[in-house]
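**Student:** Counting in the numbering used here, the sequence shown runs from 0 upward without gaps.
Hints may contain errors.
Computed list of lysine-lysine pairs in DSSO-like fashion (alpha-carbon distance at most 30 Å, straight line) [said to hold, decoys possible]:
| # | residue 1 | residue 2 |
| --- | --- | --- |
| 1 | Lys-127 | Lys-140 |
| 2 | Lys-107 | Lys-20 |
| 3 | Lys-67 | Lys-12 |
| 4 | Lys-127 | Lys-138 |
| 5 | Lys-20 | Lys-57 |
| 6 | Lys-116 | Lys-140 |
| 7 | Lys-129 | Lys-117 |
| 8 | Lys-116 | Lys-127 |
| 9 | Lys-51 | Lys-20 |
| 10 | Lys-67 | Lys-138 |
| 11 | Lys-57 | Lys-67 |
| 12 | Lys-67 | Lys-53 |
| 13 | Lys-51 | Lys-12 |
| 14 | Lys-129 | Lys-67 |
| 15 | Lys-116 | Lys-129 |
| 16 | Lys-117 | Lys-127 |
| 17 | Lys-51 | Lys-67 |
| 18 | Lys-107 | Lys-129 |
| 19 | Lys-12 | Lys-23 |
| 20 | Lys-23 | Lys-53 |
| 21 | Lys-107 | Lys-138 |
| 22 | Lys-117 | Lys-107 |
| 23 | Lys-116 | Lys-67 |
| 24 | Lys-12 | Lys-53 |
| 25 | Lys-129 | Lys-140 |
Treat the hints as calculated values from the structure; they're not laboratory data.
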Amino acid sequence: MSTLTKPSHIGRKISRIRELKDMKQEVLAEALGLSQQSISNLENSETIDEDKLKEIAKILGVTVEAIKNFSEENMINYFTTFSDNEFTNTNSAIGGHINACTFNPLDKLIESQEEIKKLYERLLQAEKDKVEYLENIIKTK
């Protein structure tokens with residue numbers, strides 16, 4: 000039984016990141032100036048030259064290190080480490096980017112609409128008061 004560790008299959012990592020980004024092979028191929036079949040072959044390769052890897056990383060919007068260190072386990076950990084809006088795993092597969100929203104955007108939208116409604120009602124009441132005041136002035140003349 001061999002004690003050697005299984006080499007990192009960079010092509011599969013690229014494929015998985017591409018899929019997570021909802022990008023088709025054709026789109027990546029066009030961006031790289033290659034055919035879809037070339038991308039398929041590339042994703043089946045265990046190794047890729049460094050320059051090509053840099054190009055692919057740029058197109059996928061990740062770092063070369065993110066591709067090299069990518070694993071399904073890291074992705075699962077990335078999404079399961081959110082607890083009370085705290086991000087605890089700074090060694091994520093995406094390079095430690097924190098994208099935790101501390102409020103519900105829909106709640107903020109509703110709050111702003113309620114505030115606008117209150118301001119409108121105050122403005123309307125002020126206009127009614129003005130009209131009543133002017134009517135009183137006209138009646139007293």
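**Student:** Report the numbers of all earlier hints that the structure fails to satisfy, in ascending order.
**Tutor:** Result: hints 6, 10, 14, 18, 21 and 23 break, sorted rising.
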